[in-house]
Each structure stands twice: as C-alpha cells, then as structure tokens.
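Chemist: Each chain, written out:
There are 2 protein chains.
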Amino acid sequence: MQNILPLNKGICSLESPATVEEVVARGLNLLREDLMLPAAVLLSNRLEHNLAWMQRFARASGVQLAPHGKTTMAPALFEKQLKAGAWGITVATAQQARVAAEYGVRRILMANQLVGRQNMTTVSHLLPGCEFFCLVDSAAQVELLGAFFKAQGQRLNVLVELGSDGGRAGVRNQQQLEEVLDALGRWPGSLALCGVEVYEGVLDNEAAVRLFLDEVVETAREIAVSRGFDRSPFLLTGAGSAWYDVVAEVFGAAAKGLKAEIILRPGCYLTHDVGIYRLAQQEIEARSALAAELAPGLQPAMQLWAYVQSIPEPQKAIITLGKRDAAFDAGLPVPTLHCRPGNMQPLPALPGWKLTRMMDQHAYLAIEEEDDLRVGDMIGFDISHPCLTFDKWRWIAVVDENYNVVDMVETYF
Amino acid sequence: MQNILPLNKGICSLESPATVEEVVARGLNLLREDLMLPAAVLLSNRLEHNLAWMQRFARASGVQLAPHGKTTMAPALFEKQLKAGAWGITVATAQQARVAAEYGVRRILMANQLVGRQNMTTVSHLLPGCEFFCLVDSAAQVELLGAFFKAQGQRLNVLVELGSDGGRAGVRNQQQLEEVLDALGRWPGSLALCGVEVYEGVLDNEAAVRLFLDEVVETAREIAVSRGFDRSPFLLTGAGSAWYDVVAEVFGAAAKGLKAEIILRPGCYLTHDVGIYRLAQQEIEARSALAAELAPGLQPAMQLWAYVQSIPEPQKAIITLGKRDAAFDAGLPVPTLHCRPGNMQPLPALPGWKLTRMMDQHAYLAIEEEDDLRVGDMIGFDISHPCLTFDKWRWIAVVDENYNVVDMVETYF
Numbered sequence: 001m002q003n004i005l006p007l008n009k010g011i012c013s014l015e016s017p018a019t020v021e022e023v024v025a026r027g028l029n030l031l032r033e034d035l036m037l038p039a040a041v042l043l044s045n046r047l048e049h050n051l052a053w054m055q056r057f058a059r060a061s062g063v064q065l066a067p068h069g070k071t072t073m074a075p076a077l078f079e080k081q082l083k084a085g086a087w088g089i090t091v092a093t094a095q096q097a098r099v100a101a102e103y104g105v106r107r108i109l110m111a112n113q114l115v116g117r118q119n120m121t122t123v124s125h126l127l128p129g130c131e132f133f134c135l136v137d138s139a140a141q142v143e144l145l146g147a148f149f150k151a152q153g154q155r156l157n158v159l160v161e162l163g164s165d166g167g168r169a170g171v172r173n174q175q176q177l178e179e180v181l182d183a184l185g186r187w188p189g190s191l192a193l194c195g196v197e198v199y200e201g202v203l204d205n206e207a208a209v210r211l212f213l214d215e216v217v218e219t220a221r222e223i224a225v226s227r228g229f230d231r232s233p234f235l236l237t238g239a240g241s242a243w244y245d246v247v248a249e250v251f252g253a254a255a256k257g258l259k260a261e262i263i264l265r266p267g268c269y270l271t272h273d274v275g276i277y278r279l280a281q282q283e284i285e286a287r288s289a290l291a292a293e294l295a296p297g298l299q300p301a302m303q304l305w306a307y308v309q310s311i312p313e314p315q316k317a318i319i320t321l322g323k324r325d326a327a328f329d330a331g332l333p334v335p336t337l338h339c340r341p342g343n344m345q346p347l348p349a350l351p352g353w354k355l356t357r358m359m360d361q362h363a364y365l366a367i368e369e370e371d372d373l374r375v376g377d378m379i380g381f382d383i384s385h386p387c388l389t390f391d392k393w394r395w396i397a398v399v400d401e402n403y404n405v406v407d408m409v410e411t412y413f
Numbered sequence: 001m002q003n004i005l006p007l008n009k010g011i012c013s014l015e016s017p018a019t020v021e022e023v024v025a026r027g028l029n030l031l032r033e034d035l036m037l038p039a040a041v042l043l044s045n046r047l048e049h050n051l052a053w054m055q056r057f058a059r060a061s062g063v064q065l066a067p068h069g070k071t072t073m074a075p076a077l078f079e080k081q082l083k084a085g086a087w088g089i090t091v092a093t094a095q096q097a098r099v100a101a102e103y104g105v106r107r108i109l110m111a112n113q114l115v116g117r118q119n120m121t122t123v124s125h126l127l128p129g130c131e132f133f134c135l136v137d138s139a140a141q142v143e144l145l146g147a148f149f150k151a152q153g154q155r156l157n158v159l160v161e162l163g164s165d166g167g168r169a170g171v172r173n174q175q176q177l178e179e180v181l182d183a184l185g186r187w188p189g190s191l192a193l194c195g196v197e198v199y200e201g202v203l204d205n206e207a208a209v210r211l212f213l214d215e216v217v218e219t220a221r222e223i224a225v226s227r228g229f230d231r232s233p234f235l236l237t238g239a240g241s242a243w244y245d246v247v248a249e250v251f252g253a254a255a256k257g258l259k260a261e262i263i264l265r266p267g268c269y270l271t272h273d274v275g276i277y278r279l280a281q282q283e284i285e286a287r288s289a290l291a292a293e294l295a296p297g298l299q300p301a302m303q304l305w306a307y308v309q310s311i312p313e314p315q316k317a318i319i320t321l322g323k324r325d326a327a328f329d330a331g332l333p334v335p336t337l338h339c340r341p342g343n344m345q346p347l348p349a350l351p352g353w354k355l356t357r358m359m360d361q362h363a364y365l366a367i368e369e370e371d372d373l374r375v376g377d378m379i380g381f382d383i384s385h386p387c388l389t390f391d392k393w394r395w396i397a398v399v400d401e402n403y404n405v406v407d408m409v410e411t412y413f
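So the sequences go chain by chain: A and B.
In case it helps, the UniProt record's numbering puts the first sequence at residues 1 to 413.
In case it helps, the UniProt record's numbering puts the second sequence at residues 1 to 413.
These are computed hints drawn from the structure, not numbers from a lab.
There may be inaccurate statements among the hints.
Identical copies look the same in the list; a pair holds intra-copy or inter-copy alike.
Unchecked claim - DMTMM-like mimics (lysine to aspartate or glutamate), calculated; alpha carbons at most 20 Å apart, straight line:
1. 316 / 179
2. 354 / 165
3. 80 / 407
4. 316 / 165
5. 354 / 230
6. 83 / 48
7. 259 / 218
8. 316 / 206
9. 259 / 377
10. 83 / 313
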C-alpha cells in the first residue's frame with residue numbers, strides 16, 4: 001500500500017504524505033468538514049452487510065464466488081472478499097491481474113481474452129505463484145497464446161468463452177468452438193483447457209438468459225465427454241450482478257452431473273447502488289426465493305459528498321461534483337442527505353432535489369426557491385454504477401454510521 | 001514526481017517501480033508491442049505544435065494565457081505551458097491548486113468558487129508562495145471566506161464571477177453583484193477583489209457570447225470606477241476552448257481603457273481532439289482572421305491504442321478499450337491507425353471502421369467481413385473530449401513520430 005499524498009483528492013488537507021494509520025488516527029469526521037469535498041466514502045456497515053449477504057447467497061446456492069475486482073480495483077476490498085470466503089478474484093485485464101497478485105490474491109480469473117505481448121509477459125510473471133485463468137474464443141488468439149507460453153516454457157490455463165449473437169466476445173457457433181478446440185489441441189503442453197466461461201449480462205430478459213445458459217451447460221457436457229478438460233473439476237463460470245440468481249440455479253443444478261466447479265463473478269454487489277443495480281437486485285429478489293429469504297438485501301454502500309458552491313438562480317444550486325467524480329452513464333447521482341456545517345446530524349435531502357446536469361467539475365441541482373439550502377452546505381449523494389465511480393478516486397474513506405473515518409482504501413486504475 | 005509502478009496501466013511490463021528516466025532508457029516502441037495496451041499516448045510533435053500555436057495566438061492578440069490545468073492535471077505539461085510563456089495555470093479545485101503549487105506553479109487561478117473548511121485550509125497553505133485567485137459569486141460565500149481567512153491572518157485574492165441565466169455559477173444581476181461587493185466590503189483586510197471572471201462556454205452562439213462579454217466589460221468598468229479593484233492591473237478573464245477568439249477580441253479591445261490584464265483559460269488546445277474541440281476550432285478559424293492566419297491550426301495530439309481481442313461476428317470486432325480508458329460523453333474514440341504486430345508502419349484505419357458501443361473495459365468496432373483485421377492487431381484511436389480521457393490514466397507515454405517512447409507524464413486526479 002502506498003502513502004496517501006497531499007496531492008490526492010477526497011482526503012483531508014495534508015502537509016506531507018501519510019500512512020492510512022496516520023490519517024485514521026486523526027479522528028476525521030466527514031460531517032465536521034474534515035475532508036476536502038468532493039469525496040467518495042464507503043459506508044462500513046453496509047459494505048460488511050453486502051459482503052456477507054452475497055457470500056451467504058453463494059453458499060446457500062452451492063456455488064463459489066470470484067467477485068469481479070474490476071469494479072473497485074481496491075486490494076483492501078479484495079482481501080475482505082477473500083476472507084469472507086471468495087474462491088478467487090475476477091479481473092478484466094493483465095494490469096488488474098498484476099494488482100491482485102501483488103496484494104496476495106492467489107487465484108485470479110481474468111474474464112477476458114488475453115492478447116498482446118506485454119500483457120502476456122505480465123501474466124507470465126504471475127504464473128509461478130497464482131492459479132490464473134483467462135479466456136479464449138478464437139483459433140487466432142489460441143495460436144498467439146500458445147506460441148508465447150511455449151516460448152516461456154509455461155502452461156497457461158484457459159477457459160473457452162461462449163457468446164451469443166449481438167453480444168460481446170465468445171464463440172457463437174459449433175464451428176467456431178471446434179476451431180478453438182482444434183487450435184488448443186496444437187498446444188497441449190502450453191495451454192490447458194480448464195473450463196467454460198460466459199457473460200450473460202449482455203442479454204436483457206430471463207428467458208433468453210435461461211436458454212443461453214442451458215445451451216452452455218450442454219456444450220460444456222459435450223466438451224467434457226468428447227475432449228475432456230485439463231482440470232478436474234473444470235470451471236463453469238458466469239454471472240455479473242444482474243442474473244447471478246439464474247446462473248446459480250441453472251449452473252448449480254448441472255454441476256454435480258458435470259464434475260464442474262461453478263464460479264459466479266458479480267462485482268457491483270459490494271457497494272450496490274440506487275440505480276441500475278438496485279433495479280437488477282429488485283428483479284432478483286422477485287425471481288429468487290433464496291434472495292428474497294435472505295432479506296434485508298443489498299444496501300447502497302458508496303456515497304459522494306460535495307458542497308453547494310453557488311445558488312445563482314432561485315431554482316438552481318451549483319454543486320462541487322462533476323463527471324470527474326461520479327459515474328454519469330447510468331443515471332446521475334441522487335441527493336440523499338443534507339448537512340449544514342456545524343450540525344453533526346444530516347437531514348434527508350428534500351424530495352424535489354435532483355441533479356439535472358453534470359459538467360466535468362460541477363453539477364446542477366434543481367431546487368425550489370423556498371428550500372432551506374445555503375452556499376457551504378454539504379450534500380450526500382447515492383450513486384448509480386459503482387464501476388465508473390470507483391475509478392474516479394485513488395483513495396476512498398471508509399466511514400462508520402456517524403461518518404467517522406475508520407479506514408482509507410486505495411484503488412489501482 | 002513519483003515512480004512508475006508495475007501496477008499502473010498503459011506502461012511496459014515492469015518487475016519493480018522505475019523512474020521515468022529508467023523507463024525511457026528502455027527504448028520502448030508502441031508499435032513493437034512494448035506497452036501494455038490499452039495505453040494512452042501523447043504525440044510529442046503535435047503537442048509542441050499546439051503549445052506554440054496557442055501561445056502565438058495569445059501574444060498576437062495581446063492577451064495572457066492561464067491554460068486550464070484541469071484538462072490534463074499533468075504537472076509536466078503545466079511546466080511546458082509556463083515555459084512557453086503562460087502567465088499562470090488555471091485549476092478547478094483546491095486539490096488541483098495544491099498539485100500545481102507542489103510542482104512549482106506560482107500563479108494559480110482557481111476558476112471556481114472556493115468553499116469548505118478543508119479546501120480553504122489547503123489554499124491557505126499555498127498563499128505564502130503563490131499568487132492565488134479564486135471566485136466569489138454570493139454574499140454567503142464571501143462571508144465564509146472572509147471569516148476563515150481573517151482567522152488565518154491572511155488576505156485571499158478573489159475575482160467576482162459574472163454568470164448568465166441558464167448557465168453555471170456567477171452573479172446574474174446587479175442586485176446579486178451589489179450584495180457580493182457589499183459583503184467584500186466587510187472583509188477588506190481578508191479578501192482582495194482582484195478582477196472579474198466569466199465562463200462564456202455555457203453559451204451556444206456567437207451573438208450571445210458577444211452580448212454577454214460586452215456586458216461584462218461594462219460591469220468591470222463600473223466596478224473599477226465606483227469601488228475600484230484591489231489589484232492593478234485588475235484581471236479580466238474568460239475563455240474556454242470554444243470562444244477564446246471572441247473573448248480575446250472583446251476583452252483585448254477593452255483592456256487598455258480599463259487597465260486590465262486579460263487572461264484566457266483554454267485547456268483542451270494542448271491535445272485538441274477530433275470531436276467537439278475540432279468542431280469548435282473549425283468555427284474559430286472561420287471567425288478569426290488571426291486564427292486562420294496561424295495555419296496549420298491545432299492538431300489532435302492524444303491517441304489511445306488497444307488490441308483486437310475477438311472477432312466473434314463477421315461485422316464486429318471486440319477491442320480492449322472501454323469507458324475505463326476513454327471519454328465517451330462527446331462521441332466515442334475514432335479509429336485512425338491499424339498496425340499488425342511485426343509491422344512498424346501503421347496503416348490508416350479503414351474508413352468504414354467505427355466504434356458503436358463502449359462498455360467498461362471493451363468496445364464494439366463495426367467492420368466489414370472482407371476487412372483485413374485479425375485478433376492481436378493494434379488499433380490507434382483519436383479521441384473526443386481530452387478532459388475525460390486524461391483522467392483515466394495515471395501515466396501517459398509521450399511518443400515521437402515513430403511511436404518511440406520519449407517521455408512519460410504523470411497525472412494527479
């Protein structure tokens with residue numbers, strides 16, 4: 001872990017670099033204006049709740065979790081996920097794999113095609129210590145990987161990705177699959193086929209997801225019978241944050257007959273949100289008896305805080321929060337709390353308050369003329385889309401229920 | 001400057017932290033696959049061209065430049081801008097001011113309202129060494145600043161922001177202005193009124209911009225006569241990257257009669273783009289005889305490079321580039337160059353290639369079935385909106401015309 005620099009944003013004003021312990025020892029409180037706003041904070045209790053909730057869901061479903069680390073890219077959170085019982089950590093790139101490995105993650109699933117000389121070099125350096133998996137979906141890619149890892153004298157674990165038309169990567173049909181399997185057959189000492197991977201999140205309705213997953217199970221069964229996998233149990237993995245209940249059910253039911261390990265890879269559950277992932281979770285709780293039974297479900301655990309810097313028109317406040325600070329691609333941040341400096345008890349944001357526009361470093365907040373809002377007031381926002389909020393922050397304060405800073409987590413984007 | 005970490009993205013594969021000099025000494029070349037793609041690069045020649053171009057424009061217009069540092073947040077680029085003749089550096093937040101000061105910038109214009117205890121504390125620490133200015137636009141904010149800086153025994157330089165209805169911050173009318181001036185009158189030893197600031201970029205046509213700027217000149221003249229400024233010459237500052245010619249003309253013409261120093265604050269000129277800022281520059285060259293005379297004008301100086309990771313459908317390639325790597329709010333990145341590993345001479349991207357969608361870590365590239373594109377090929381993209389591209393990268397390689405890495409610049413977001 002690096003020192004917190006005075007040059008970072010969202011921290012307290014520092015004179016010189018400080019360790020996390022030194023910063024926490026200052027006894028900072030967000031509501032007392034001890035942080036330079038805008039700042040992102042993680043709500044410790046809710047984070048712990050979500051962490052435990054998803055692990056309980058996975059355990060009760062008989063599946064394993066490899067939470068998607070790309071969401072947070074915060075090794076301190078990876079560590080919490082592993083301690084809670086995660087099987088491993090999922091990542092999207094070689095750089096993310098390097099970060100996870102540096103911080104002690106020993107089982108890394110790169111749910112993406114590995115391509116490129118320096119990316120392969122980076123992965124190659126991880127192999128002695130890590131059980132690492134990445135995806136293949138074309139003969140061309142298999143040839144590039146085979147040649148590279150043969151030259152290294154190493155054997156790389158791969159999963160074949162199955163995709164669907166209109167979706168992202170992944171083989172689309174039997175012919176493409178056979179080309180990949182044939183290509184793998186040319187590099188037996190250098191590439192080990194360890195399982196099957198899908199990302200069902202590109203599909204938009206339950207029937208399509210179920211149909212796709214059923215086909216995937218069937219294809220995995222055929223590979224197991226015809227060619228066999230180079231790992232036992234082999235991995236059968238899917239599930240972003242929108243369909244993990246369906247994946248757990250369909251893959252879980254198939255697992256025993258297949259001698260497969262089922263790995264779910266949700267990422268956004270850890271902080272959840274009040275936007276796209278709240279909607280997804282509501283659908284999950286409506287679909288899944290298990291998810292409903294584990295109530296209360298996921299809680300929004302990440303907030304952004306900013307100041308009112310100007311109220312230039314009776315119905316418009318300008319907020320010190322912009323596209324540099326928050327995701328804006330799946331709904332804008334939602335005003336939730338209002339705190340006037342001097343008060344240590346935030347009030348609920350008024351129901352009419354709404355962000356109407358974000359610029360790089362500012363947001364427009366629609367208000368009513370009679371609202372009790374002043375320049376210098378602090379507003380706490382819930383978010384939509386954690387991934388693109390985390391990557392705006394190099395350090396994020398973890399706060400208790402009274403907004404005391406109890407930890408600081410570092411991100412690596 | 002910090003060391004480059006093996007954990008950073010867009011660099012070469014490193015075993016341990018390295019200095020910029022150590023990384024440059026490796027003789028890396030992007031086309032030879034020496035970088036972990038995706039990577040952002042700055043094209044050195046074009047960057048130098050843009051740097052000189054805008055400085056020539058300002059000099060010929062008789063105005064000063066305080067380039068907006070929020071665009072790049074790269075102190076190494078601030079240094080280039082100052083060496084080229086910039087009057088100072090503009091920033092948007094106290095944290096950004098701290099970064100600029102840490103790297104030796106001694107004149108900082110925070111083109112934003114300063115609010116919040118820790119933000120004020122951060123600025124307070126800069127004052128002994130820096131000529132620092134920030135904005136005020138309400139009596140409430142003036143009172144907060146006055147009380148804080150009086151307690152510090154310091155005097156803070158402020159500019160009054162004039163805004164326009166429907167726009168961002170800034171006083172909207174004479175009454176608001178008088179409230180601000182009256183409030184400033186209560187803190188004469190703690191707050192110094194040093195000029196007038198506007199951001200005309202919220203307006204969308206030339207007539208509106210000219211009308212607004214004329215009113216601003218008139219207001220500045222009235223303040224100079226009635227109350228006087230606490231700095232001579234006082235500052236009269238405006239201009240993002242879309243209207244700097246009009247601001248230079250209108251404010252430049254008014255400057256002599258006013259004893260004002262005219263400060264323009266464009267930020268995106270340094271890297272330019274092929275999207276919103278190319279359009280804006282085309283309009284500037286159509287409007288301004290001076291801008292047209294200084295041809296060739298601004299050049300796109302920032303590129304993103306990524307791999308083709310999959311071609312799962314005949315008309316779709318999946319690219320290792322996502323919302324985590326590039327701005328996507330003002331047009332998606334534009335494929336420009338195509339390079340197959342082994343070739344050191346990139347070809348122009350085919351005219352039909354187009355990004356159709358970006359996800360967090362991927363993009364969809366529309367192609368034709370017969371196109372000569374393979375998994376493992378590299379594609380170079382021009383960008384739209386530099387600000388939200390810079391903030392995706394902690395280190396950016398600077399390359400020469402052959403894509404040799406000649407420098408690495410660090411960002412502080």
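Chemist: Are the hints correct? Go through all of them and say.
Modeler: Quick rundown of the hints versus the structure:
| no. | hint | in the structure |
| --- | --- | --- |
| 1 | 316 / 179 | between (59 Å within a copy, 18 Å between copies) |
| 2 | 354 / 165 | between (38 Å within a copy, 19 Å between copies) |
| 3 | 80 / 407 | within (13 Å within a copy, 38 Å between copies) |
| 4 | 316 / 165 | between (45 Å within a copy, 10 Å between copies) |
| 5 | 354 / 230 | neither (54 Å within a copy, 39 Å between copies) |
| 6 | 83 / 48 | within (12 Å within a copy, 51 Å between copies) |
| 7 | 259 / 218 | within (13 Å within a copy, 80 Å between copies) |
| 8 | 316 / 206 | neither (41 Å within a copy, 25 Å between copies) |
| 9 | 259 / 377 | neither (58 Å within a copy, 37 Å between copies) |
| 10 | 83 / 313 | neither (51 Å within a copy, 40 Å between copies) |
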